[in-house]
Amino acid sequence: MGSNRAVLLIVLCGTMAIVPVVQAQIKHIEMRVEGMT
Amino acid sequence: MKQHLGRQAGVQNVEVSLRDGKVDIVPKEDGQIDPTKLLKATYDSGVSVAEMDVTARGNIVKNASGDLALRIAPNRSFAFVPNEQSKALEALVDSPTEVTVRGQLFKKPAGKKKADTAPPMKLVILEVQKKE
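Sequence order for the protein chains is D and F. Mapped onto the numbering used here, the consecutive letters of the first sequence carry residue numbers 1 to 37. Mapped onto the numbering used here, the consecutive letters of the second sequence carry residue numbers 1001 to 1132.
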């Protein structure tokens, strides 16, 4: 029983580690410019 | 200009299309990128910015002035210029829902040689891409 819990805990921690952290942020910037040669 | 912009904080990659006059900037994930500094850096390299569009993800909040805004970091947000798209987001104020929007952060006023790029710049929402 106890070992099952430990395995579950390890699996849970592993899953959390590989899921990328989604951050609020700027994803992309696009500019239209004039006078570029 | 490409090198000048590439040296700015938080910039991962810069692609310049001479034919279209378009500059694509991919930010690093460190959240250090600052659109105001990019505008200034572009002007400093002798090129005039006609328009700047930003795609950003964050939470909908009301800022100190009572304007609806997209908060992308605890101390950083873009206030919205009120339009139909921003009104549709009003229900999400202070909710945990994260929203990805594409909007216009800067447009050179007609007839002006150099526009005012002083912060705070307001975001005109063009498209709400995702709510999650």
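These aren't lab readings, by the way, just hints derived from the structure by calculation. Just to be clear, a hint being listed does not mean it is correct.
In silico DSS-like links for lysine-lysine, alpha-carbon gap of 25 Å or less [unchecked claim]:
1) F/Lys1122 x F/Lys1037
2) F/Lys1131 x D/Lys27
3) F/Lys1108 x F/Lys1131
4) F/Lys1087 x D/Lys27
5) F/Lys1087 x F/Lys1022
6) F/Lys1130 x D/Lys27
7) D/Lys27 x F/Lys1122
8) F/Lys1040 x D/Lys27
Label-pair restraints from in silico Cβ distances [as the list claims (entries may be wrong)]:
9) D/Ser3 x F/Lys1131: 23 to 33 Å
10) D/Arg32 x F/Ser1065: 47 to 57 Å
11) D/His28 x F/Glu1084: 34 to 44 Å
One side of the interface only, derived from the structure: several residues of chain F facing chain D at Cβ under 10 Å [said to hold, decoys possible]:
12) Ala1009
13) Asp1030
14) Thr1042
15) Ala1050
16) Thr1100
17) Met1121
18) Val1124
Here a beta-carbon is modelled for each residue, glycine too, at the ideal position from N, C-alpha and C.
For this session: With respect to the beta-carbon atoms only, verify the hint that D/His28 and F/Glu1084 lie 34 to 44 Å apart.
Result: About 23 Å separates the Cβ atoms of D/His28 and F/Glu1084, which means 34 to 44 Å is violated.
Exercise. In this structure, is the beta-carbon distance linking D/Ser3 and F/Lys1131 contained in 23 to 33 Å?
Worked result: At 42 Å between Cβs, range violated.
Problem set entry | Interface restraint verdict for F/Ala1009 against chain D (beta-carbon cut-off 10 Å) | 12 Å, violated
Exercise. CA of F/Lys1087 to CA of F/Lys1022, is that 25 Å or under?
Worked result: 30 Å, violated
Exercise. Was the hint right that F/Val1124 lines chain D, CB cutoff 10 Å?
Worked result: 14 Å, violated
Exercise. Can the hint on F/Asp1030 be confirmed by a CB-to-CB distance to chain D that is less than 10 Å?
Worked result: 9 Å, holds
Exercise. Would the pair F/Lys1131 and D/Lys27 pass a check requiring their Cα atoms to be no farther apart than 25 Å?
Worked result: Within the cut-off at roughly 15 Å; holds.
Problem set entry | Pairwise hint evaluation, F/Lys1037 against F/Lys1122, where the allowed Cα distance is 25 Å at most | 15 Å, holds
Exercise. Should the hint that F/Met1121 touches chain D count as held when the rule is a Cβ pair under 10 Å?
Worked result: 12 Å, violated
For this session: Starting from F/Lys1108, check that the Cα of F/Lys1131 is at most 25 Å away, please.
Result: 30 Å, violated
Exercise. Is 47 to 57 Å right for how far apart the beta carbons of D/Arg32 and F/Ser1065 are?
Worked result: Since the Cβ atoms of D/Arg32 and F/Ser1065 sit about 29 Å apart, the hinted range of 47 to 57 Å is violated.
Exercise. Close enough to count: is the Cβ of F/Thr1042 nearer than 10 Å to one in chain D?
Worked result: 7 Å, holds
The structure fails hints 3, 5, 9, 10, 11, 12, 17 and 18 (numbered hints given earlier, in ascending order).
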